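So the sequence lines, in the order shown, correspond to chains D and P. Under the working numbering, the residue at position 75 of the first sequence is numbered 75, and the numbers go up by one with no gaps. Under the working numbering, the residue at position 247 of the second sequence is numbered 247, and the numbers go up by one with no gaps.
Treat the hints as calculated values from the structure; they're not laboratory data. Keep in mind the model is a prediction, meaning the values are calculated, not measured. There could be a bad hint or two in this list.
Identical chains blur together in the list; that is why a pair holds if it fits in one copy or across any two.
[Claimed, not checked] Okay, derived cross-link-like pairs now, EDC-like style, lysine to aspartate or glutamate, Cα gap no bigger than 20 Å in a straight line:
hint : residue 1 : residue 2
1    : K307      : D235
2    : K329      : E316
3    : K329      : E315
4    : K108      : E141
5    : K262      : D180
6    : K294      : E331
7    : K330      : D146
8    : K329      : E304
9    : K49       : E248
10   : K113      : D142
11   : K319      : D351
12   : K301      : E340
13   : K70       : E304
14   : K49       : E304
Number of protein chains: 2
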Amino acid sequence: MAKEKKSALEEKKGVSISEITNQSTIKTIKEKRRAKINTDVLVSSILKKDITALSRAITLVESKNPMHLKKANTIIKACLPHANNSVRIGITGVPGVGKSTFIEAFGKHITSKGKRIAVLAIDPSSSLTKGSILGDKTRMEDLVRDNNAFIRPSASGDSLGGVARKTREAIILCEAAGFDVIIIETVGVGQSETTVHSMVDFFLLLKLAGAGDELQGIKRGIIEMADAIAINKADGDNLKRAKLAKVEFNRALHLYPEKPSKWQPKVIVCSALKNEGIDTIWKFILDFIAMTTKNNHFYTKRNEQNKFWLIQTIEEQLKFDFFNRSKIKKELENQLQLIEANQTTPFAAADYLLGLD
Amino acid sequence: MAKEKKSALEEKKGVSISEITNQSTIKTIKEKRRAKINTDVLVSSILKKDITALSRAITLVESKNPMHLKKANTIIKACLPHANNSVRIGITGVPGVGKSTFIEAFGKHITSKGKRIAVLAIDPSSSLTKGSILGDKTRMEDLVRDNNAFIRPSASGDSLGGVARKTREAIILCEAAGFDVIIIETVGVGQSETTVHSMVDFFLLLKLAGAGDELQGIKRGIIEMADAIAINKADGDNLKRAKLAKVEFNRALHLYPEKPSKWQPKVIVCSALKNEGIDTIWKFILDFIAMTTKNNHFYTKRNEQNKFWLIQTIEEQLKFDFFNRSKIKKELENQLQLIEANQTTPFAAADYLLGLD
Numbered sequence: 001m002a003k004e005k006k007s008a009l010e011e012k013k014g015v016s017i018s019e020i021t022n023q024s025t026i027k028t029i030k031e032k033r034r035a036k037i038n039t040d041v042l043v044s045s046i047l048k049k050d051i052t053a054l055s056r057a058i059t060l061v062e063s064k065n066p067m068h069l070k071k072a073n074t075i076i077k078a079c080l081p082h083a084n085n086s087v088r089i090g091i092t093g094v095p096g097v098g099k100s101t102f103i104e105a106f107g108k109h110i111t112s113k114g115k116r117i118a119v120l121a122i123d124p125s126s127s128l129t130k131g132s133i134l135g136d137k138t139r140m141e142d143l144v145r146d147n148n149a150f151i152r153p154s155a156s157g158d159s160l161g162g163v164a165r166k167t168r169e170a171i172i173l174c175e176a177a178g179f180d181v182i183i184i185e186t187v188g189v190g191q192s193e194t195t196v197h198s199m200v201d202f203f204l205l206l207k208l209a210g211a212g213d214e215l216q217g218i219k220r221g222i223i224e225m226a227d228a229i230a231i232n233k234a235d236g237d238n239l240k241r242a243k244l245a246k247v248e249f250n251r252a253l254h255l256y257p258e259k260p261s262k263w264q265p266k267v268i269v270c271s272a273l274k275n276e277g278i279d280t281i282w283k284f285i286l287d288f289i290a291m292t293t294k295n296n297h298f299y300t301k302r303n304e305q306n307k308f309w310l311i312q313t314i315e316e317q318l319k320f321d322f323f324n325r326s327k328i329k330k331e332l333e334n335q336l337q338l339i340e341a342n343q344t345t346p347f348a349a350a351d352y353l354l355g356l357d
Numbered sequence: 001m002a003k004e005k006k007s008a009l010e011e012k013k014g015v016s017i018s019e020i021t022n023q024s025t026i027k028t029i030k031e032k033r034r035a036k037i038n039t040d041v042l043v044s045s046i047l048k049k050d051i052t053a054l055s056r057a058i059t060l061v062e063s064k065n066p067m068h069l070k071k072a073n074t075i076i077k078a079c080l081p082h083a084n085n086s087v088r089i090g091i092t093g094v095p096g097v098g099k100s101t102f103i104e105a106f107g108k109h110i111t112s113k114g115k116r117i118a119v120l121a122i123d124p125s126s127s128l129t130k131g132s133i134l135g136d137k138t139r140m141e142d143l144v145r146d147n148n149a150f151i152r153p154s155a156s157g158d159s160l161g162g163v164a165r166k167t168r169e170a171i172i173l174c175e176a177a178g179f180d181v182i183i184i185e186t187v188g189v190g191q192s193e194t195t196v197h198s199m200v201d202f203f204l205l206l207k208l209a210g211a212g213d214e215l216q217g218i219k220r221g222i223i224e225m226a227d228a229i230a231i232n233k234a235d236g237d238n239l240k241r242a243k244l245a246k247v248e249f250n251r252a253l254h255l256y257p258e259k260p261s262k263w264q265p266k267v268i269v270c271s272a273l274k275n276e277g278i279d280t281i282w283k284f285i286l287d288f289i290a291m292t293t294k295n296n297h298f299y300t301k302r303n304e305q306n307k308f309w310l311i312q313t314i315e316e317q318l319k320f321d322f323f324n325r326s327k328i329k330k331e332l333e334n335q336l337q338l339i340e341a342n343q344t345t346p347f348a349a350a351d352y353l354l355g356l357d
């Protein structure tokens, strides 16, 4: 079992034990007791809104140590009945759009209303860059010092699916720790927006006013996912352009069919730096929650998201198991070559590969 | 083995045989000979552009009889080296857009250039309605009588994946029979456009000029897939509206990032009834083929499509096998209820289900 260096989970050795004691029995008892104490204590501390306990539990969730994962699962299970009571908000936008400044202003606005806010992140690039969103914590100085805010840098992982799982579990822990609002932040890389969209109630797209043709080059599908588009940095010379961009985005949103939530997506201009428009966005979110709670879409969507993650996790694992078998790896290459040489069809090749055991 | 009624594959009983002959030996010999003769003869007839043989082979492909499927696979394998030399064009549009009239005019234009054209169809509704595209054959009277045209009604099937496989195999047979242009027609139901898009070189969307807001209600993604949009029935009172629609579609196409083919999608107004604009569309397709052959996208795309169908077929089968196990069916329901009751997470439930054998 690989020992994680500098981990918050590292446990100091105890004093040495007399040689006459039965080492193996002691070991068993100690492990059982430690496991029990840790998880029980952590859970009750989390429920008492203890941030240190919450951090430690999230670290367990993120650990690759199988014993830690076992504990993590125990904790999550115990926290589950206390979860599900927050508003989950996804926030995305390209680098430079002012995400950190926005989240800080937005977070402060929410804590000023007496609510507690947790900020998590999905950063698909983090396993390579060691967390580009990690730096944001140092850029949200005011929010970091706020007792009603909790900022957790992005979990890293080998796959977006793995990171997504850890984030979904961290949401449960944050909710059990009594946070009213959970923000899931992401940069617009690869499939990360779709992943975030599938775990939040409200999806906010941050944009900048550009040089006219606002919609060009926007990643496909992202406008469709947005419940609101906030055009940030709408101050000074930018204000006029931001207002023009608002018109164009409103026009674009108009092209899509009605959402299942019946919510008509909003476009807002804002300036996180000058704290303008932030209150409007929070008001829209409250309107959205009120409306979708009333028409039941809020809970329907959460159920659908749960089902999606269940099926998704199973399908990913089935594919992973199949395509990672050494026999399949080798034969897949052969079959692809035969297809390219017009000697077999994709269907005949699939039949052949599925027939291997 | 269920006997298919009214099948073109039905074989008449021969004359009665004397009782002293060894029935079982005769049966074996006959089956072997028949299988061999049939497939060999069918293949060589197909290569000689024999339409009756082509029809019969497609019927074998579409059959649910395992012995027929075995023969079909033999024929496809033999035809493969002679396939891949056509231009595959997908055509879609909602009912009422004038697809039949368009395909007839388009087909006649192509045969007038000395080319041979085959028209296949993917109709996801056909298993229910017994083939709504089937009727089109009677509406393409001129094309049906054309010796250089071959019109085949939609294959029916239990799943879009199954229908897609049959259509892909029919394409191979048509190409081996020397058809220069293969049209795959579909109505815009469910995922059928995406399916057609993933098996053609060029994707044509037929539209009507409407009452102003042309883009509203268009199925998502479809504009992105189009290599050309033809606004049909652009005649008489409709012409002005069609030209306005053209402006709006051009604007919409402009919003998307450049295609991998580097092809800039075209918008054309046409009248299939008056045979106007049809030649322009064919010219665009020839331009497209010339350009993508030169930049190699034509073959890259076909290879990607082959790979897509291989992986897709395997994944569909893996999922089907897993979720149709009776133990999984039962336990999936239980786990979903536990998730809804906050007693487990989608991930823990997935781990549990995957652990069942």
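- request: At 20 Å max between alpha carbons, let me know whether K307 reaches D235 within a copy, between copies, both or neither.
  value: Intra 43 Å, inter 50 Å, cutoff 20 Å: neither.
message: For K113 and D142, with the copy left unspecified, which applies at a CA distance of at most 20 Å: within, between, both, or neither?
response: For K113 and D142, only the intra-copy Cα distance (16 Å) is at most 20 Å; the inter-copy one is 73 Å.
- prompt: How do K294 and E331 come out at 20 Å by Cα distance, when the copy is not named: within, between, both, or neither?
  reply: Neither. Shortest intra-copy (54 Å) and inter-copy (32 Å) distances fail the 20 Å Cα cut-off.
- request: If the cutoff is 20 Å on CA atoms, where do K49 and E248 land: within, between, both or neither? Let me know, please.
  value: neither (44 Å within a copy, 55 Å between copies)
field: Copy assignment of K329 with E315, given that the CA separation must stay at most 20 Å
entry: Both: 18 Å inside a copy, 15 Å across copies.
Within, between, both or neither, where K108 and E141 count as close if Cα-Cα is 20 Å or less: Within one copy, since 11 Å is at most 20 Å while 71 Å is not.
query: Is it within, between, both, or neither for K49 and E304, if the alpha carbons may be no more than 20 Å apart?
result: neither (29 Å within a copy, 52 Å between copies)
task: First find the shortest C-alpha distance between K329 and E304 inside one copy, then the shortest across copies, and answer within, between, both or neither for a cut-off of 20 Å.
output: Intra 34 Å, inter 18 Å, cutoff 20 Å: inter-copy only.
message: As a check of your reading, is K262 near D180 (CA-CA no more than 20 Å) within one copy, between copies, both or neither?
response: Classified as neither: same-chain Cα gap 24 Å, cross-chain 48 Å, threshold 20 Å.
query: Can you tell me if K329 and E316 fall within 20 Å by alpha carbon in one copy, between copies, both or neither?
result: both (17 Å within a copy, 18 Å between copies)
Identical-chain pair category, K301 with E340, by Cα at 20 Å: between (43 Å within a copy, 12 Å between copies)
field: Within, between, both or neither: K319, D351 at alpha-carbon 20 Å
entry: Both: 16 Å inside a chain and 14 Å across chains, each within 20 Å.
When held up to the earlier numbered hints, the structure conflicts with 1, 5, 6, 7, 9, 13, 14 and fits the remainder.
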